[in-house]
Amino acid sequence: MWSDMDPRSKIFATLCLTSMALLVRMPLAALLLAALTAAALIAFGIDPKGPLKTLIRLAPAMLVVAVLQVLLVRSGRTVLSAFGIGIVTTGGLGAAAFMVVRVGIIAACGYILSGIGFADFLLAMKSMKVPYEIAFMAAMGAKFLPLLAEEMTDSLTSAELRGADIKRMGIIRRLRLYSEVLMPATFTALSRAEGISWALELRGFNPGAGRTYWRKLEMRMSDWMAFPLGIIAFAAFLLANY
Amino acid sequence: MRAVSFESVGFSYPGSRQDKSSKQVFEGLTLTLVPGKVYVMSGPNGCGKSTFAKLMTGMLKPDSGRILIGENDMVWMGLSDIGKHVGLVMQNPSRQLIMQKPVDEIAFGLIHRGMQKDEAANVAKAALRDYKLTEIADTPTQKLSKGEQVRLAMASVAVLEPDWLLLDESLSCLDGASRSKVLDKVARLVRHGGGALIISHSKDLAYELGAIRILIERGGVSVVV
Numbered sequence: 001m002w003s004d005m006d007p008r009s010k011i012f013a014t015l016c017l018t019s020m021a022l023l024v025r026m027p028l029a030a031l032l033l034a035a036l037t038a039a040a041l042i043a044f045g046i047d048p049k050g051p052l053k054t055l056i057r058l059a060p061a062m063l064v065v066a067v068l069q070v071l072l073v074r075s076g077r078t079v080l081s082a083f084g085i086g087i088v089t090t091g092g093l094g095a096a097a098f099m100v101v102r103v104g105i106i107a108a109c110g111y112i113l114s115g116i117g118f119a120d121f122l123l124a125m126k127s128m129k130v131p132y133e134i135a136f137m138a139a140m141g142a143k144f145l146p147l148l149a150e151e152m153t154d155s156l157t158s159a160e161l162r163g164a165d166i167k168r169m170g171i172i173r174r175l176r177l178y179s180e181v182l183m184p185a186t187f188t189a190l191s192r193a194e195g196i197s198w199a200l201e202l203r204g205f206n207p208g209a210g211r212t213y214w215r216k217l218e219m220r221m222s223d224w225m226a227f228p229l230g231i232i233a234f235a236a237f238l239l240a241n242y
Numbered sequence: 243m244r245a246v247s248f249e250s251v252g253f254s255y256p257g258s259r260q261d262k263s264s265k266q267v268f269e270g271l272t273l274t275l276v277p278g279k280v281y282v283m284s285g286p287n288g289c290g291k292s293t294f295a296k297l298m299t300g301m302l303k304p305d306s307g308r309i310l311i312g313e314n315d316m317v318w319m320g321l322s323d324i325g326k327h328v329g330l331v332m333q334n335p336s337r338q339l340i341m342q343k344p345v346d347e348i349a350f351g352l353i354h355r356g357m358q359k360d361e362a363a364n365v366a367k368a369a370l371r372d373y374k375l376t377e378i379a380d381t382p383t384q385k386l387s388k389g390e391q392v393r394l395a396m397a398s399v400a401v402l403e404p405d406w407l408l409l410d411e412s413l414s415c416l417d418g419a420s421r422s423k424v425l426d427k428v429a430r431l432v433r434h435g436g437g438a439l440i441i442s443h444s445k446d447l448a449y450e451l452g453a454i455r456i457l458i459e460r461g462g463v464s465v466v467v
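Chains as they are written, first to last, in the numbering used here: chain A, 1 to 242; chain B, 243 to 467.
Bound-form chain B, shown alone (with noise of 0.2 Å):
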């Protein structure tokens, strides 16, 4: 399990065509997230929690300083490579689903990995039941409820065995029942030595898991433990 790096990044939005403008989300950034715990990121809307989830996967890159995922400078991976160690659960989770039923989309990745289409499906099925989604099996994963979204992209990101499990306030949206199942898998996935980074915000999440909190405000992040 790999511990992710960020060292002295700076990222800026370029200027839009009515505001030229950039606009400046972090500048001189150094934070490392340490596998085996849990952290919850908060701050206000806006100020760069998302972009800071899309930095830890790869889908930006820094304008300055660097991400690593142990010794890797992430500017030289790919995102299939960078997907081995982080798993990201959108914001939108339908956004990420692309297959119609949910055992292929489990199975989606696994495949993509090389595994063999029958165990591969074997094993979406497993996770089916341990994520208790067996009873909408069938029902196509566009049609699925908030929560059972959520649940569908974790089981087809946890499958994957990845060292951290990125949640980007994908806990905003489920009930209490839900949010204990999922919260259960994120335990379980620390408990076997890999990293959480939950975003969200809820101020008393961090309490409650007893999590590292980090609070990002525009212009500074602090990490309150």
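Looking at chain A on its own, in the form it has when it is part of the complex (with noise of 0.2 Å):
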């Protein structure tokens, strides 16, 4: 429906939905709040399935992060006890909840904002009044985490091949193993980045200079239309909330 809007329409919706996932307080407005975000993607033309795949993915750390903070939140009724001690709480089961769907709508928004392109990234930011260097640094580093993570991916499956059976491996081993994995990463992530700064500047680019753009943004009455519903959800949602 809105696939082709505005990039700062965009980054605005994904602004107020993050915000109100951080502030988020009572479960109706959280699951309220997890329907708002499949409306906007929906709208914003992303295939749920995307975000769904990627939710699944991290379903793993989020399940042992669900089950800290159902054993360790203490707030609430008592649901389960053992031995006359309280294991599980209404507080704890909450905490789990909401860390979920706050993840779940992160996930979500990381998507709109993928699906803005490089060039239309750095524009709406220029536009935005945000320094040039900044907007550059967080672009390239939105381009390169995909990259970054097939890398880290290499490392790891070579690993495997050669005998480290992560799936049957100890919590520290692995994660000594993680940190091994990310030495190289990082240093690949960090020669690439002085290429491309030399490449860059070979070429003549300079953020210091002024500089025209062939491309303009355009905001629409659609575009426009997404900071008056946002204002209006995050008020109603503050209004719900506090």
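Hints were generated in silico from the structure; no laboratory data involved.
All C-beta atoms in this analysis are idealised placements derived from N, C-alpha and C, irrespective of residue type, glycine included.
Treat the hints with care, as some may be off.
[What the hints assert, rightly or not] Here are the simulated lysine-lysine pairs, DSBU-like style, with alpha carbons at most 30 Å apart:
#1 A:Lys49 x B:Lys296
#2 A:Lys167 x B:Lys303
#3 A:Lys167 x B:Lys326
#4 A:Lys143 x B:Lys385
#5 B:Lys296 x B:Lys343
#6 B:Lys367 x B:Lys388
#7 A:Lys143 x B:Lys326
#8 B:Lys367 x B:Lys265
#9 B:Lys359 x A:Lys167
#10 B:Lys265 x B:Lys343
#11 A:Lys143 x B:Lys303
#12 B:Lys265 x A:Lys49
#13 B:Lys423 x B:Lys388
#14 B:Lys265 x A:Lys53
#15 A:Lys53 x B:Lys423
#16 A:Lys49 x B:Lys303
#17 B:Lys388 x B:Lys427
#18 A:Lys167 x B:Lys343
[Unchecked claim] Derived Cβ-Cβ restraints for the label pairs, each shown as a range:
#19 B:Gly257 x A:Arg77: 40 to 50 Å
#20 B:Asp446 x A:Arg174: 41 to 51 Å
#21 B:Asn287 x A:Tyr132: 33 to 43 Å
#22 A:Tyr132 x B:Leu457: 17 to 27 Å
#23 A:Arg220 x B:Thr381: 52 to 62 Å
#24 B:Gly257 x A:Ala149: 14 to 24 Å
#25 A:Ile42 x B:Leu457: 43 to 53 Å
#26 A:Ser197 x B:Lys385: 15 to 25 Å
#27 A:Leu147 x B:Lys265: 17 to 27 Å
#28 A:Ala59 x B:Thr381: 35 to 45 Å
[Unchecked claim] Reference listing, derived: stretches of chain B covered by chain A, where coverage requires no fewer than 3 residues with Cβ under 8 Å from a Cβ of chain A:
#29 319-326
#30 336-342
#31 398-405
Both chains are sitting in their own frames, so use the hints and assemble them into the complex.
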């Protein structure tokens, strides 16, 4: 429906959604927020299967955090107890459920932002008076995240092919392996960043110099609508939660 | 030493967010790689050579058909089990070098396969000598030259004595001397009954090695003996 919306509207929408996700307190508001995020995904022309797959990939980590929250948060009514000791409380269950909703909304917002093209993102940032260097850094970082993930996957695969059975490995050994794998990925990312900065400078890139842009971003009626809608949703959210 | 068989393998990459249509790479691919031989796989960019390597190492699963190592269907094997039979040197070897020191890199797989640390360190030092890497024993792995990284990656895989060695375009960035050293090691593995699959753009490599040439083109695979 709004898949060709101005990037500024998309950035604003994701800003509203992630802020609400972090501030949400009421269970009903969290559910409504999840529904609103799903509606935003559909409106921006994003197939919800994508964020859903990301969530499924994150499920094991989320499960561990959720279990920890269920066991450690002691507020509310006791739901399950053993030998007179309260194990699961409503507060713990609520904290775990909120965490899952928050991660889901943030993943969905990541998908909305990743649909914005590199040049459009820079133009949007510039029009919002964000310093070019910072906007460029953010855009480059986002551009190379999938590559970084691919490199880490390659390193982990190489470790597994050489006998590191990650699935059966203890948590300490697994964390040690991840930290070892992070090292070459970080080194490669840094050397790539260095290579790109040289290549850009050799082609005359100078963020300090004044420049003109061939492409211009234009806000349409549907783009402008996103702002009052976002503000109304945010205000209603604050009233409902606080 | 076990053969690797592709039986009516079909594989396609799912469509991207921009282009929803999936990209078919293989359909009904049937091919058996017999140990004791060197295979050189070539073909144009994007024809599926690296996809073949990823299928052979279990990094990708086929959509249809099956891939066997000996009699075992790869779909039921974990990567660490597959790694006992297939050793991979990636196109960009820096991605597979995990440890800071070359000696630790070679020992990594040995330790994970159950060897004691001291013994693994001794084997690793011997491999460094064997692969002419003793001079760079104290250089961080990520600072090695491309040729040294390829040799180190190969040494770290070869010490595990897999049935197959798979070089995914690893020779393209090597100078003549490094290339000869790597090919010597491939020849030695084959003499010991193992097999090697070298993915390369070079059309002459198969003739140079007297290897079996596998030609992949979009839509088909042919084997030239």
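Now the hints, each set against the structure:
no., hint, verdict
1, A:Lys49 x B:Lys296, "holds, 25 Å"
2, A:Lys167 x B:Lys303, "holds, 18 Å"
3, A:Lys167 x B:Lys326, "holds, 17 Å"
4, A:Lys143 x B:Lys385, "holds, 25 Å"
5, B:Lys296 x B:Lys343, "holds, 27 Å"
6, B:Lys367 x B:Lys388, "holds, 20 Å"
7, A:Lys143 x B:Lys326, "violated, 36 Å"
8, B:Lys367 x B:Lys265, "violated, 45 Å"
9, B:Lys359 x A:Lys167, "holds, 22 Å"
10, B:Lys265 x B:Lys343, "violated, 40 Å"
11, A:Lys143 x B:Lys303, "holds, 27 Å"
12, B:Lys265 x A:Lys49, "holds, 19 Å"
13, B:Lys423 x B:Lys388, "holds, 14 Å"
14, B:Lys265 x A:Lys53, "holds, 19 Å"
15, A:Lys53 x B:Lys423, "violated, 44 Å"
16, A:Lys49 x B:Lys303, "holds, 21 Å"
17, B:Lys388 x B:Lys427, "holds, 17 Å"
18, A:Lys167 x B:Lys343, "holds, 26 Å"
19, B:Gly257 x A:Arg77: 40 to 50 Å, "holds, 48 Å"
20, B:Asp446 x A:Arg174: 41 to 51 Å, "holds, 45 Å"
21, B:Asn287 x A:Tyr132: 33 to 43 Å, "holds, 35 Å"
22, A:Tyr132 x B:Leu457: 17 to 27 Å, "violated, 49 Å"
23, A:Arg220 x B:Thr381: 52 to 62 Å, "holds, 57 Å"
24, B:Gly257 x A:Ala149: 14 to 24 Å, "holds, 19 Å"
25, A:Ile42 x B:Leu457: 43 to 53 Å, "holds, 46 Å"
26, A:Ser197 x B:Lys385: 15 to 25 Å, "holds, 19 Å"
27, A:Leu147 x B:Lys265: 17 to 27 Å, "holds, 20 Å"
28, A:Ala59 x B:Thr381: 35 to 45 Å, "holds, 41 Å"
29, 319-326, "holds (count 6)"
30, 336-342, "holds (count 7)"
31, 398-405, "holds (count 3)"
Hint compliance for this structure: hints 7, 8, 10, 15 and 22 are broken, all remaining hints hold.
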